[in-house]
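Colleague: As given, the protein sequences belong to chains A and B, one line each in that order.
Each residue of the first sequence is one higher than the last, beginning at 1 in UniProt numbering.
Each residue of the second sequence is one higher than the last, beginning at 1 in UniProt numbering.
A few of these clues could be false.
To be verified - Straight line, CA to CA, 25 Å or less: simulated SDA-like cross-link-like pairs of lysine to any residue:
hint	chain 1	residue 1	chain 2	residue 2
1	A	K181	B	G238
2	A	K181	B	T185
3	A	K339	B	V239
4	B	K181	A	T185
5	A	K181	B	T183
6	A	K181	B	A38
7	A	K181	B	L336
8	A	K181	B	L120
9	A	K181	B	V239
10	A	K181	A	E264
11	A	K181	B	Q203
Simulated from the structure, these hints should not be mistaken for laboratory data.
Protein chains: 2
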Amino acid sequence: MSSQPLTSAPTALDLTLDGGALTAQLVDFPSVSGDEKALADAVENALRTLPHLTVDRYGNNVVARTQLGRAERVLLAGHLDTVPIADNLPSRVEGDLLWGCGTTDMKSGVAVQLRLAATLPDPNRDLTFVFYDCEEIEAARNGLGHLAAQHPDWLAADFAVLLEPSDAVVEGGCQGTLRAKVTLTGTRAHSARSWLGDNAIHQAAAVLGRLADYQPRRVEIDGLEYREGLNAVRIEGGVAGNVIPDECVVTVNFRYAPDRSEAEAAAHVREVFQGYQVEVTDSAPGALPGLAQPAAQAFLAATGGSARAKYGWTDVARFSTLGVPAVNYGPGDPNLAHKRDEHCSLSAIAECERRLREWLTAAR
Amino acid sequence: MSSQPLTSAPTALDLTLDGGALTAQLVDFPSVSGDEKALADAVENALRTLPHLTVDRYGNNVVARTQLGRAERVLLAGHLDTVPIADNLPSRVEGDLLWGCGTTDMKSGVAVQLRLAATLPDPNRDLTFVFYDCEEIEAARNGLGHLAAQHPDWLAADFAVLLEPSDAVVEGGCQGTLRAKVTLTGTRAHSARSWLGDNAIHQAAAVLGRLADYQPRRVEIDGLEYREGLNAVRIEGGVAGNVIPDECVVTVNFRYAPDRSEAEAAAHVREVFQGYQVEVTDSAPGALPGLAQPAAQAFLAATGGSARAKYGWTDVARFSTLGVPAVNYGPGDPNLAHKRDEHCSLSAIAECERRLREWLTAAR
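Between the sequences and the hints, there should be enough to build the whole structure, so can you do that?
Modeller: In structure tokens form, the structure reads like this:
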């Protein structure tokens, strides 16, 4: 990480700027994970000037809500933190492109949130804007997780949009992930008298064979296709160069479609490795896309109608555990996230804002 | 390692003592690998008093020879070093048992060498006595290896006996050992999109399958049965818990009968893993038992006629590469070697000396 002094670092946000200019202002507020306080203060202060919103804060997490008594409530969420700066601040504009740390992941999305918060005093649905910290680091510090644990009522909604970069395509739900250790045990012996031992690494042949032969399921949910995968991600065995090893451990990662629960996923893995010692070491549930919900249908229509399944695990799963269907939808190419040459199209920011505004203002 | 002060540590050896008492004297001369100089000095000084022997020294290795012009020459070898002392010095006698570090491995064998050197001025075969250092540590420091490289003429003989503990059973030859790495390569991908990658650990299924199915050869040489073995001794693969791994390395150890050369052993391993990337990383040849030699036949008869194959790699292989058939034969239970409660039967020391003396003095 190399941060450079920002002589012109802003101290306040101007929500009257357009989305691109506001993104630049956000980018020039360094906010590497764990160091979001100044930006959270600025976001809170800016939102508190808006009379149509009630604002709450917990740690460096800020939640702003309309209270209009609408039939539906939509939640728009974004994280304030970035990965470490890599000599890519302050931001700079070249033609339609804005360059700098966080332009894609995800201060352009946060700018769209703030623009909508500032300019939609009378939306067709009640709105909740969530700005949270520590998304880029270990899950235990994730601000959205802290809000879900401490103030789940702040996150109540019928549908949520996480404005992570998705190249302006709706990414629905997310797959679950489970890790397990399959342990083979044998008997040690000197390798010069190998028949006195039982080689645990050789036993792993059958386990790896089941993995190699495994036919992953493809399943369609709400029109999105999810492709599962069951893979060895680590294998370890061996005592010394002259010893028949008595243990070999295969670590597998099961990425599963969100129509399976965590318990069902674990049962499936145990079934695949029936006859072997299986220990689940790590598990996170998937999230159903929820695209059959009326709010989601209207959202899909407003954003062009196309959606794809999300394979990687994302914070939409946190909403799912709260019973809130959620999708990823935001400006920016996700492949540029975390890169030194991170950049975002200014027109894409404007387009994302326009579509969301259309969805949230259309006659119902 | 815990060594204790020896107030009565000897400075000279008395070769008129019986084998058991001489073993005790040798045991009370601490000589952990790398620290053999005092004992090598004492051995050299004691041997130089014997007019029927010519004595040579290289480092802490001492070689004494008769020069009687006999038709055959027999070499008797033993190492002077021990593993680290483990609160088991000085030696002590309980009934027929002598306790202490090195009693079995192999100061009892060295005592038998010294007794024969001192008391056989007119043997039926010319004799070469070799005392060497650093047998218990890395091969590059082994004194017998240094002698073979620097003074191979000192080791010239028709037959060699290594007086390592063998429970008074002749152990013939030794198996060769070869290590090789079988490397599987694939393509990395995020485990949430595993179909974009090629899992190298899964590829190892076939390699481990060949190992599990491998039928090791059993072969009889000079009446001794050798059992080969081909085993995985290590497996490693994995990048991170969410990455399809692009490499997996299986390390195999092939223990092979001494009718195969190193090159033939390597070719066999390559054949077993045909189609895979195989790199031989380590290799040491085996040693034929040579029990068909006349000197060996007479030796076998003198020691009771029974012999078994040696599976572990030992220094007899060094003699084999010099063209000298060699066997292990010495007092003491090899299973007690390197143990805190190491001990040796005094009567077994006397019996070993008696049999070797009979062989080396019988009318021819």
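Colleague: So, for every hint listed, does it hold in this structure?
Modeller: Status of the hints after comparison with the structure:
1. Restraint check for K181/A and G238/B: satisfied, since their Cα atoms lie roughly 13 Å apart, inside the 25 Å limit.
2. Distance restraint check for K181/A and T185/B: the Cα-Cα separation of roughly 22 Å lies within the 25 Å cut-off, and the hinted pair is therefore satisfied.
3. Under the criterion of a C-alpha separation no larger than 25 Å, the hint pairing K339/A with V239/B is consistent with the structure, at around 20 Å.
4. Only pairs whose Cα atoms come within 25 Å are accepted, and K181/B paired with T185/A is accepted, the gap being roughly 22 Å.
5. For the hint pairing K181/A with T183/B, the CA-to-CA distance comes to about 23 Å; that is within 25 Å, so the pair holds.
6. Proximity of K181/A to A38/B is assessed by CA-CA distance (about 54 Å); at most 25 Å being required, the pair is judged violated.
7. Straight-line distance between C-alpha atoms of K181/A and L336/B comes to about 38 Å, which puts the hinted pair past the 25 Å bound.
8. Straight-line distance between C-alpha atoms of K181/A and L120/B comes to about 65 Å, which puts the hinted pair past the 25 Å bound.
9. For a cut-off of 25 Å, the pair hint linking K181/A to V239/B stands: about 15 Å separates their Cα positions.
10. Taking the CA atoms of K181/A and E264/A, the gap is about 17 Å. The hint holds against a cut of 25 Å.
11. Annotation: proposed proximity of K181/A to Q203/B holds, straight-line Cα distance about 18 Å (limit 25 Å).
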